[in-house]
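Student: Quick mapping for you: the protein sequence lines, in order, are chains A and B. If you read the first sequence in numbering that gives the first Met the number 0, its first letter stands for residue 0, the second for the next number, and so on. If you read the second sequence in numbering that gives the first Met the number 0, its first letter stands for residue 0, the second for the next number, and so on.
If you are wondering where the hints come from, they were derived from the structure by calculation, not from laboratory data. A portion of the hints provided could be inaccurate.
Lysine-lysine pairs mimicking DSS-like chemistry, simulated, CA-CA at most 27 Å apart [stated by the list, open to error]: (1) Lys155(B) <-> Lys317(A); (2) Lys227(A) <-> Lys353(B); (3) Lys317(A) <-> Lys334(B); (4) Lys41(B) <-> Lys152(B); (5) Lys162(A) <-> Lys252(A); (6) Lys199(A) <-> Lys243(A); (7) Lys334(B) <-> Lys221(A); (8) Lys201(B) <-> Lys282(B); (9) Lys345(B) <-> Lys319(A).
Which stretches of chain A does chain B cover? Using the computed rule of at least three CB atoms under 8 Å from a CB of chain B, they are [to be verified]: (10) 284 to 296; (11) 300 to 311.
With beta-carbon atoms standing in for the labels, derived distance ranges [stated by the list, open to error]: (12) Lys194(A) <-> Val181(B): 22 to 32 Å; (13) Asn91(A) <-> Lys55(B): 34 to 44 Å; (14) Asp50(A) <-> Glu339(B): 48 to 58 Å; (15) Glu338(B) <-> Lys46(A): 50 to 60 Å; (16) Tyr335(B) <-> Asn323(A): 55 to 65 Å.
Only a predicted model underlies this, so the values are computations on that prediction, with no experimental measurement involved. Just so it is clear, CB atoms sit at the ideal spot from N, CA and C, and this is done for glycine as well.
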Amino acid sequence: MKALNNVEALNQALDQMMEEDEKVIIYGEDAGFEGGVFRATKGLQAKYGKDRCFDSPLTEAGIIGTGIGMAINGMKPVLEIQFQGFLFPGLNQLLVHGARYRNRTRGRFTVPMVVRMPYGGGIRALEHHSESIEAMLAHTPGLKVVIPSNPYDTKGLMISAIKDPDPVIFLEPKRIYRAFKQEVPEEIYEVPIGKARVLKEGTDITVVGWGAMIPEIQLAIKGLEKEKISVELIDLRTISPIDKETIENSVKKTGRFLVVHEAVRSFGVGAELISIVNEKAFLYLECPPMRLTGYDITIPLAKGEGYFMISPEKIKSKIKELINY
Amino acid sequence: MIFENHNPLEGKVFQILDKTGKIVNEKYYKDIDKDLLLKMYKCMVLSRNQDEWALKFQRQGRMLTFAPSLGQEGLQVASMAACRDDDWLVPAFRSNAAWLYKGLPMKNIFLYWSGNEKGSKIPEDINMLPIAVSIGTQFNHATGIGMSFKYTKEDKVVVTYIGDGGTSVGEFYEGINFAGVVNAPVVFIIQNNQFAISTSIKSQTKAKTLAQKGIAAGIPSIKVDGNDIFAMYFATKEAVDSARAGNGPSLIEAVTYRQGPHTTADDPTIYRTEEQHLDGMSKDPIIRAKNFLIEKGILTEEDDIKIREESKKTVFEEFEKAQEENITSLEDIFKYTYEEMTENLKEQYEEAKKWEGGNN
Chain A
0 MKALNNVEAL
10 NQALDQMMEE
20 DEKVIIYGED
30 AGFEGGVFRA
40 TKGLQAKYGK
50 DRCFDSPLTE
60 AGIIGTGIGM
70 AINGMKPVLE
80 IQFQGFLFPG
90 LNQLLVHGAR
100 YRNRTRGRFT
110 VPMVVRMPYG
120 GGIRALEHHS
130 ESIEAMLAHT
140 PGLKVVIPSN
150 PYDTKGLMIS
160 AIKDPDPVIF
170 LEPKRIYRAF
180 KQEVPEEIYE
190 VPIGKARVLK
200 EGTDITVVGW
210 GAMIPEIQLA
220 IKGLEKEKIS
230 VELIDLRTIS
240 PIDKETIENS
250 VKKTGRFLVV
260 HEAVRSFGVG
270 AELISIVNEK
280 AFLYLECPPM
290 RLTGYDITIP
300 LAKGEGYFMI
310 SPEKIKSKIK
320 ELINY
Chain B
0 MIFENHNPLE
10 GKVFQILDKT
20 GKIVNEKYYK
30 DIDKDLLLKM
40 YKCMVLSRNQ
50 DEWALKFQRQ
60 GRMLTFAPSL
70 GQEGLQVASM
80 AACRDDDWLV
90 PAFRSNAAWL
100 YKGLPMKNIF
110 LYWSGNEKGS
120 KIPEDINMLP
130 IAVSIGTQFN
140 HATGIGMSFK
150 YTKEDKVVVT
160 YIGDGGTSVG
170 EFYEGINFAG
180 VVNAPVVFII
190 QNNQFAISTS
200 IKSQTKAKTL
210 AQKGIAAGIP
220 SIKVDGNDIF
230 AMYFATKEAV
240 DSARAGNGPS
250 LIEAVTYRQG
260 PHTTADDPTI
270 YRTEEQHLDG
280 MSKDPIIRAK
290 NFLIEKGILT
300 EEDDIKIREE
310 SKKTVFEEFE
320 KAQEENITSL
330 EDIFKYTYEE
340 MTENLKEQYE
350 EAKKWEGGNN
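Take these sequences, add in the hints, and give me the full structure.
Tutor: Laid out in structure tokens, this is it:
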């Protein structure tokens, strides 16, 4: 096994799936020759040729719309949207067609494509380069939405996403693209879509997060160990379909629930998770289930971004608030 | 007559000065007022200076990601000079020289590229929108502003920019088509700098010219040497005058060259050949304008040195001002969401006061 960072693990997954399945085609703005602005597709055009990995014209609607057409005729497009903030022109195609073809045609036509995009804040970037809109996507029936938080899951989830028979939105927390390395198996393996993972067992409180929030929560948990607060940490990994069972089992054990996300608060994934907790484990709760999230504002540019971001200090404080409720 | 006599479908490119600054097209050459020429030249030099220093400031960690306009100053300054002061500019994101020409304080530009929304607070007396990062979306805004003049009874014109990559976006066609239908007084200018980040124009379209995309929408369209301030000035002037006279929109493909990176996060040496780069650099709009001005006796080498020194001084003064003003308060991130802060936001603002952060 070799230690890889998130981008390297992603690149390996794409490379191995292109090798295994000639129907896998990759394109997006700058995704061909230079391998994408984050180099996730680096080397793939050189290895597999311009027909299988190429620069698309600048058009998100075109990228996703043609991806749908390719997928309808049996191809496996893995599309790159340069930043999640640029997805919006392509959202029309994704929501009105990508998510609906299977249902519309009663299974006659399906859209087994993957749409990848970096998302999330904390890199002091320009406008439209920092948002987290997983809730908007997960709110659409027919789409699956996954978010890895580490190299092992990045590779395994990407392989599962490519093999999945339905459209999968693959959100990449760009802040941790190169933050750390992890041993990743050389061979092709799958991390199942729709399954959360208990990263750390604990007894006092269940904390759920995903993507770039995981390292922040882990830092917070370390600080709380001294205070003898035992946290169970769950990496949700898939936003939709959501893993209710893992959440339910954990909350029944700990009696307390906190969800942490960087996306804005109202109408978000946190609200969905809290509903699940209320429906499945209400009588086990020792305090109200709560959320720690971004504020309901446009994510600020760099000078104001620090106010917005979720820090280990904020997480620690919120956990203590629940413990001492 | 410029548009009429330069049909891009016939391969025509409108040029008056060649790359050395010599007049090669006497038929269309007319004098431009000396003071206006000097104003244009000074603005180009100022923008160039700001860009060059901004790249250095960024490398020193004193600014964030920055997109220079190096090499595109000529078309921007000339197209603005062809407008009235109260006409509108609806820019894309690489329009530094145009912003300066419109009178945007340079400190705003520094503030924007230092991660502060204050940079986009355009002074009340300037008719200009801020940067549009989302590619191609601004064309419809330009058309809409142009449409509003019919109701507000203003005789203004809108000039809007897009890049070569932007012409692949659906909204490019939607904007020019809509403007044609409603006869909006808009001049659409494509800054064709040959690259959209790493993607060359050849990977962007099979069309021989970008100007012909305007012909498809039924609006007068022309391909112009965008590094020739005379050609750009007179082509834009014709389009602006025509729009103001009620004849609707026009489109200009301004051929230029992006001398620098897409942004400071980009390394153009990966995708650009040395030969391409040298060719692009040889068409520099400032050198060309300078040669012309010196030849005509409008500028001396001594004047030029003075202009460059003054530019540098302005750049440092404005950068200093920007640094002093580069503060975002916690309230700032909440208070502009709606006209009045909602109860929900007031609660969150109170919650946020407990925490440090910001201004890092």
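Student: A separate judgement is required for each hint: does it hold in the structure or not?
Tutor: Hint-by-hint comparison with the structure:
Pair hint Lys155(B) plus Lys317(A) does not hold up; C-alpha atoms about 55 Å apart against a cutoff of 27 Å. Distance hint between Lys227(A) and Lys353(B) is fulfilled; the C-alpha atoms sit about 24 Å from each other, no more than 27 Å. Proposed proximity of Lys317(A) and Lys334(B) is supported: the alpha carbons are some 25 Å apart, at most 27 Å. Of the pairs offered as hints, the one joining Lys41(B) and Lys152(B) is violated, with about 34 Å between alpha carbons and a cut-off of 27 Å exceeded.
A threshold of 27 Å between alpha carbons decides the hint, and for Lys162(A) with Lys252(A) the separation of about 35 Å lies outside it, so the pair is violated. At roughly 18 Å between alpha-carbon atoms, Lys199(A) and Lys243(A) fall within 27 Å of each other, so this suggested pair holds. Of the supplied pair hints, the one linking Lys334(B) and Lys221(A) is violated, its CA atoms being roughly 35 Å apart against a limit of 27 Å. For the hint pairing Lys201(B) with Lys282(B), the CA-to-CA distance comes to about 20 Å; that is within 27 Å, so the pair holds.
The straight-line distance between the Cα atoms of Lys345(B) and Lys319(A) is roughly 24 Å, inside the 27 Å bound, and the hint therefore holds. Counting residues of the region 284 to 296 of chain A whose beta-carbon sits less than 8 Å from any beta-carbon of chain B gives 3, enough to reach three: the coverage restraint holds. Residues of the region 300 to 311 of chain A with a Cβ under 8 Å from some Cβ of chain B number 10, which satisfies the need for three, so the listed coverage holds. Take Lys194(A) and Val181(B): their Cβ atoms lie about 53 Å apart, and the range 22 to 32 Å is violated.
Taking 34 to 44 Å as the suggested C-beta distance range, the pair Asn91(A) and Lys55(B) conforms, at roughly 42 Å. Taking 48 to 58 Å as the suggested C-beta distance range, the pair Asp50(A) and Glu339(B) conforms, at roughly 56 Å. At about 55 Å, the beta-carbon gap between Glu338(B) and Lys46(A) stays in the expected band of 50 to 60 Å. For the pair Tyr335(B) and Asn323(A), the beta carbons lie near 35 Å from each other, so the given range of 55 to 65 Å is not met.
Hint check: violations occur at hints 1, 4, 5, 7, 12 and 16; the rest are consistent with the structure.
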